[in-house]
Amino acid sequence: AQSVTQLGSHVSVSEGALVLLRCNYSSSVPPYLFWYVQYPNQGLQLLLKYTSAATLVKGINGFEAEFKKSETSFHLTKPSAHMRDAAEYFCAVTAYSGAGSYQLTFGKGTKLSVIP
Amino acid sequence: NAGVTQTPKFQVLKTGQSMTLQCAQDMNHEYMSWYRQDPGMGLRLIHYSVGAGITDQGEVPNGYNVSRSTTEDFPLRLLSAAPSQTSVYFCASRSGQNYNEQFFGPGTRLTVL
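Residue numbers (the numbering used here), protein chains in the order written: chain A, 804 to 919; chain B, 2 to 114.
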C-alpha cells in the first residue's frame, strides 16, 4: 500500500518568509503526486501535481514543489508567504486500488499560519 | 459548468436515522469518489466508482452504501447513522487518467447526535 507522511501538523511563518511544507511518500511504483489546498470551510483545490515530466513543478499562487526520488519527497515551497496563504495543505499520492483503478491517498494535512 | 455539487451543506441526524448525501458533476467524469475528513486524519476514501454501474470500497466503507446509476450522480447513503459518522464529507470526480486532477465539491458537514 502506498502512503503519505506530512511532517508537522501546524507550521507558522512570518509574512514574507519562506514557506516549506514537507511531504514524504512510499510507493513501489513511480508515483503521481499532488498538493491540494483547503481554505476554511471550503473544498480542496489543486495547487500542483507531478506526473513524471519535470521534477520541479510550479503551481498556482507562487507555490512550487520538487520531486526527489532518492529522498521519496515532494516538499512544497513558496519564497515569500502572504496572509492569504493561511490554509490547510494536503499532499497526496496515487494508489492502485485494483481492477485498473487508481485512487488518491492523502496525508493528514499541514495547517499553515501566517503571522503579520 | 457547475463542477461538483453536494447537498445538503449541513445536516444533523439522530443515532439510527438514515439519509442520503447527494453528489452530482456536470463534467462527464468517469471517476467519482466519496471522502470523509476528520481533524488530524486528512481525507479518507469511503467508496469510489469508475463508471456508471461500477462501485467499490475504499479505506473506510463500513456503514455507507453507494450506487452509480448515471455518470452524473453518485449518492452516499448512511444506513443507520452513528456518532462516529460525524464528519465533513467530500465528493470528488476526475476524468480518465490517474494523474488527472480531482475536482472536489464544497462538502457536507454532518453531525450525528
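In short, the hints are calculated from the structure, not lab data.
Take the hints with a grain of salt, since some may be wrong.
[To be verified] Quick list of in silico lysine-lysine cross-link-like pairs, DSS-like style, CA-CA up to 25 angstroms:
{"hint": "1", "chain 1": "B", "residue 1": "K10", "chain 2": "A", "residue 2": "K911"}
{"hint": "2", "chain 1": "A", "residue 1": "K872", "chain 2": "A", "residue 2": "K852"}
{"hint": "3", "chain 1": "A", "residue 1": "K914", "chain 2": "B", "residue 2": "K10"}
{"hint": "4", "chain 1": "A", "residue 1": "K914", "chain 2": "A", "residue 2": "K852"}
Keep in mind the model is a prediction, meaning the values are calculated, not measured.
Hint by hint, here is what the structure shows:
For the given pair, K10/B sits about 23 angstroms from K911/A by alpha-carbon distance, which is consistent with the 25 angstroms threshold. At roughly 15 angstroms between alpha-carbon atoms, K872/A and K852/A fall within 25 angstroms of each other, so this suggested pair holds. At most 25 angstroms may separate the alpha-carbon atoms for a hinted pair to count; K914/A and K10/B meet this at roughly 23 angstroms. For the suggested pair K914/A and K852/A, the alpha carbons sit about 19 angstroms apart, so the restraint of at most 25 angstroms is met.
Checked against the numbered hints given earlier, this structure breaks none of them.
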